[in-house]
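Chain order of the listed sequences is A and B.
Position in the first sequence (first residue = 1) + 106 = this note's numbering.
Position in the second sequence (first residue = 1) + 98 = this note's numbering.
Worth flagging that the hints you see were computed from the coordinates, not collected in a lab.
Note that beta-carbon positions come from the ideal geometry of N, C-alpha and C, so glycine has one too.
Accuracy of the hints is not assured; some may be wrong.
Ranges between beta-carbon positions, derived for each pair [stated by the list, open to error]: (1) Asp-633/A to Gly-253/B: 41 to 47 Å; (2) Pro-111/B to Thr-336/A: 38 to 44 Å; (3) Ser-160/B to Pro-317/A: 26 to 32 Å.
Stretches of chain A that chain B covers, calculated by requiring three or more beta carbons in the stretch to come under 8 Å of a beta carbon on chain B [as the list claims (entries may be wrong)]: (4) 168-175; (5) 279-288; (6) 701-707; (7) 756-764.
Below are the chains, spelled out letter by letter.
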Amino acid sequence: MRRRDFLQGVAVGALTFFFTTPLGSAPIVPTRPGTYPEDFNAYLKISADGRVSCLVGKVELGQGSMTVLAMLVAEELELDPAQVDMVLGDTDLCPWDMPTGGSLTMWHTAPVLRGAAAEARAVLLRMASKALGAPVSGLTLKDGAIWVKATPASRTTFGELVKGRKMERHLGKVKPKPLSDCTLIGRRVPRKDALAKVTGAAQYAGDLRLPGTLHACILRPPAQGLTLATADIAAAERVPGVRIVRDGPLLAVLHPQPDTARKALALVKGTFEGSEPDVDDVRIYQYLVDKAAPGQRVVISRGDVAAGEKRAATVVEAEYRNAYESHATLEPHTSVAKWEEGRMTVWASTQSPFVFRDTVAEALKLGQDKVRIIAQFVGGGFGGKLVGPGAIEAARIARQVPGVPIQVAWNREEDFFLDGYRPAAVVKIRSGLDAGRGAITFWDSTVAGVSQGEAELSYDMQSNRYQAPTVPNLHPLKVGAWRAPNAHTNAFARESQLDALAAKAGLDPVTLRRRLITDARLLRLLDLAVETFDWEPAPGPTGRGIGLACGAWRQGLVVAVAQVTVDKTTGKVKTERFLEAVDVGLVVNPDGARQQVEGAITMCIGQALSEEIHFKGGRILDKNFDTYLLPRFSAIPRIQVVFADNATSVSQGIGEPPVVPVAAALANAVFDATGARVTHVPFTPERVLEALKLVPAK
Amino acid sequence: MNATVSFTLNGQPVTVASPRDRMLVWVLRDELGLTGTKVGCEAGLCGACTVLVDFEAVPSCSTTLGDVAGKAVLTIEGLALDGHLNPVQKAFQEHHAFQCGYCTSGMIMAAWAFLKKRPKATRSEIVEAMEGNLCRCGAHVRILDAVESAGKAMGGVR
Numbered sequence: 107m108r109r110r111d112f113l114q115g116v117a118v119g120a121l122t123f124f125f126t127t128p129l130g131s132a133p134i135v136p137t138r139p140g141t142y143p144e145d146f147n148a149y150l151k152i153s154a155d156g157r158v159s160c161l162v163g164k165v166e167l168g169q170g171s172m173t174v175l176a177m178l179v180a181e182e183l184e185l186d187p188a189q190v191d192m193v194l195g196d197t198d199l200c201p202w203d204m205p206t207g208g209s210l211t212m213w214h215t216a217p218v219l220r221g222a223a224a225e226a227r228a229v230l231l232r233m234a235s236k237a238l239g240a241p242v243s244g245l246t247l248k249d250g251a252i253w254v255k256a257t258p259a260s261r262t263t264f265g266e267l268v269k270g271r272k273m274e275r276h277l278g279k280v281k282p283k284p285l286s287d288c289t290l291i292g293r294r295v296p297r298k299d300a301l302a303k304v305t306g307a308a309q310y311a312g313d314l315r316l317p318g319t320l321h322a323c324i325l326r327p328p329a330q331g332l333t334l335a336t337a338d339i340a341a342a343e344r345v346p347g348v349r350i351v352r353d354g355p356l357l358a359v360l361h362p363q364p365d366t367a368r369k370a371l372a373l374v375k376g377t378f379e380g381s382e383p384d385v386d387d388v389r390i391y392q393y394l395v396d397k398a399a400p401g402q403r404v405v406i407s408r409g410d411v412a413a414g415e416k417r418a419a420t421v422v423e424a425e426y427r428n429a430y431e432s433h434a435t436l437e438p439h440t441s442v443a444k445w446e447e448g449r450m451t452v453w454a455s456t457q458s459p460f461v462f463r464d465t466v467a468e469a470l471k472l473g474q475d476k477v478r479i480i481a482q483f484v485g486g487g488f489g490g491k492l493v494g495p496g497a498i499e500a501a502r503i504a505r506q507v508p509g510v511p512i513q514v515a516w517n518r519e520e521d522f523f524l525d526g527y528r529p530a531a532v533v534k535i536r537s538g539l540d541a542g543r544g545a546i547t548f549w550d551s552t553v554a555g556v557s558q559g560e561a562e563l564s565y566d567m568q569s570n571r572y573q574a575p576t577v578p579n580l581h582p583l584k585v586g587a588w589r590a591p592n593a594h595t596n597a598f599a600r601e602s603q604l605d606a607l608a609a610k611a612g613l614d615p616v617t618l619r620r621r622l623i624t625d626a627r628l629l630r631l632l633d634l635a636v637e638t639f640d641w642e643p644a645p646g647p648t649g650r651g652i653g654l655a656c657g658a659w660r661q662g663l664v665v666a667v668a669q670v671t672v673d674k675t676t677g678k679v680k681t682e683r684f685l686e687a688v689d690v691g692l693v694v695n696p697d698g699a700r701q702q703v704e705g706a707i708t709m710c711i712g713q714a715l716s717e718e719i720h721f722k723g724g725r726i727l728d729k730n731f732d733t734y735l736l737p738r739f740s741a742i743p744r745i746q747v748v749f750a751d752n753a754t755s756v757s758q759g760i761g762e763p764p765v766v767p768v769a770a771a772l773a774n775a776v777f778d779a780t781g782a783r784v785t786h787v788p789f790t791p792e793r794v795l796e797a798l799k800l801v802p803a804k
Numbered sequence: 099m100n101a102t103v104s105f106t107l108n109g110q111p112v113t114v115a116s117p118r119d120r121m122l123v124w125v126l127r128d129e130l131g132l133t134g135t136k137v138g139c140e141a142g143l144c145g146a147c148t149v150l151v152d153f154e155a156v157p158s159c160s161t162t163l164g165d166v167a168g169k170a171v172l173t174i175e176g177l178a179l180d181g182h183l184n185p186v187q188k189a190f191q192e193h194h195a196f197q198c199g200y201c202t203s204g205m206i207m208a209a210w211a212f213l214k215k216r217p218k219a220t221r222s223e224i225v226e227a228m229e230g231n232l233c234r235c236g237a238h239v240r241i242l243d244a245v246e247s248a249g250k251a252m253g254g255v256r
């Protein structure tokens, strides 16, 4: 019952209760039942010298979890966040948690941690009351000391009270401080990882220097779908210091020096078997549509679409596509594994310490208690490090060389080759507006490549139908979760389509949305965005190059406004200005949240304009940053971020929501600039030129 | 074949026995234990491994040990003096000009090399100077703000 108490205490039922969407329709069920420990001692330890340690199974990917979680503990215990030592992502020390992804940290973990800290505060006050012989109501606390308000000399400290032991007393349901008493929540606080990161001291998995480490470089097939058959290792074995480990199709060259291991690997001659997919980056879209077709099912349906179409005065039919996209974290996947005394320890670059633990255990047929994952600072995740094939590789090799730490650090080519990409997708939409231009009479959508996740937003539709495929293993390449999975694909299609409908009906994009939006929160956010951008919307194309799009991730809402210029001779799109208005409920750490929004906008400028995995069969043609193009400094616009004042509602995560509408806002801005509708992400200069050819001459 | 190569590292003389064509980033990280310099692409395309050689910013993944013989190499670890952060480090800290931090050492080194020469640089000159350094988290705006303010702190007030 105690977990429920925590949750009720902070009015959040993330784990045990259903949430409803703004539409009040489909309940959102947490993807996995939580088993957060009920004893607050699992999260908080007070040492004999009074230092407070906070243990959480999340990791620091750069998104600021270390800082914001410390803020919550510091708030309840009246500390400076600098006085809270964060221990993150160690499966032996930290309580179980979900992966660090899906914007779950603030939604799931934060209320649990805040409840634990509130209970710890109450327990400490009772202990102090007994020690000082004064009622709790007469006590005050700050910076790890507790004293009698009337006689401040009568004081004690957390360290003296707890003496480094577990706190045995429990109080059950304890309410966190009311927001009006909070001094940290809502304030800018210095990031706890700043000093380590600006001095180069921050340790990532590849920075471990365990004595005797061997660096393992693994033989890769030239194409996805192929596996190692035979290998000639004679030349590699002649390199002094080289050791070769083979475990089925896994062949690794080990050497004390990482670069020598890599050079020796190049001397291994392998033959490979299996078959490559017969598809490439051009044919992939028809491939997905054809393969998905027999398994298409209606997943959402309301009203009579055929009847709705008869009522439509303006109809638009379009097909929207997006390419495979890589996570391209600047730190490639890296793990160090050591097999010792029947236990496997893996220091990893991971978003999911507990998933890594369970999958390493499964791969090695070990009990979960025989595997320990210790997350290090992670050099970017974005969904790419939710799963850990590299950690499994390191563990399999380490198992064969007991006592020797084995580092597997993928190089850039491997990181592109082995990534689980954002899925390529095709979304077909046919939809119509009534003659009064105030109602969507029908909306008929079929998606292939992703699910229908977040396809709907709170737009009033008289009828709609969404089809999504049920075909397993639809993709010829490995795919995975990429920041706001499904949602950004579906938002691109939906918001582009709405924009096209508005333009065809002679309406500006804001007026149409105002007429359709049924959720007051989204409507307020739309107004906030338009007002902050200081823009008089007009029916497009206006030539000004301003585009708008809305998006949601669970209950987090975003309205994006982009301004671009388009070079009509080269097809190059330059983002000049980008604004997002964001409503994610209570913002605990405003600067941290702002960073996430700025980062999402920047990252998705790459998604929208340049990032695409090129492939032929199973061969991944992008091997480095010369062909796979991340946005560089010259591509960055002026960025504005504004948060809705929504301090009374539950904190939503912030990693995903700001990603969702970016590509759509940019596409709509390209239309406003040129009259050309770009429907294929990324809209590279070539695709923009193609779209420009379709613009009717005036 | 190992050669004996001497150079100055963060103000101290060092001598390394390693092949002359070994890339500096491996010498720094593997031989000398200075892991603040990161490996991102091994092709001079991302800037994560940027260090200064005789005050010029270079990618240490594409610079050999032989290239730095007799020269002065400065890495992120050598930037703070007597425990005081360098103005660029301080600006990155204050502006929160990073997220995951993996590109940060290279960003700071590139910015420092540039500002030493042009503390009064305009925003567009800073953009041009930083163009070779990739950041995946999207800290770009803050990085530009930090570099600009570090320039001012270094006396380059425009």
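**Request:** Determine which of the earlier numbered hints do not hold for this structure and return their numbers in increasing order.
**Result:** Per hint list: 2, 5, 7 violated.
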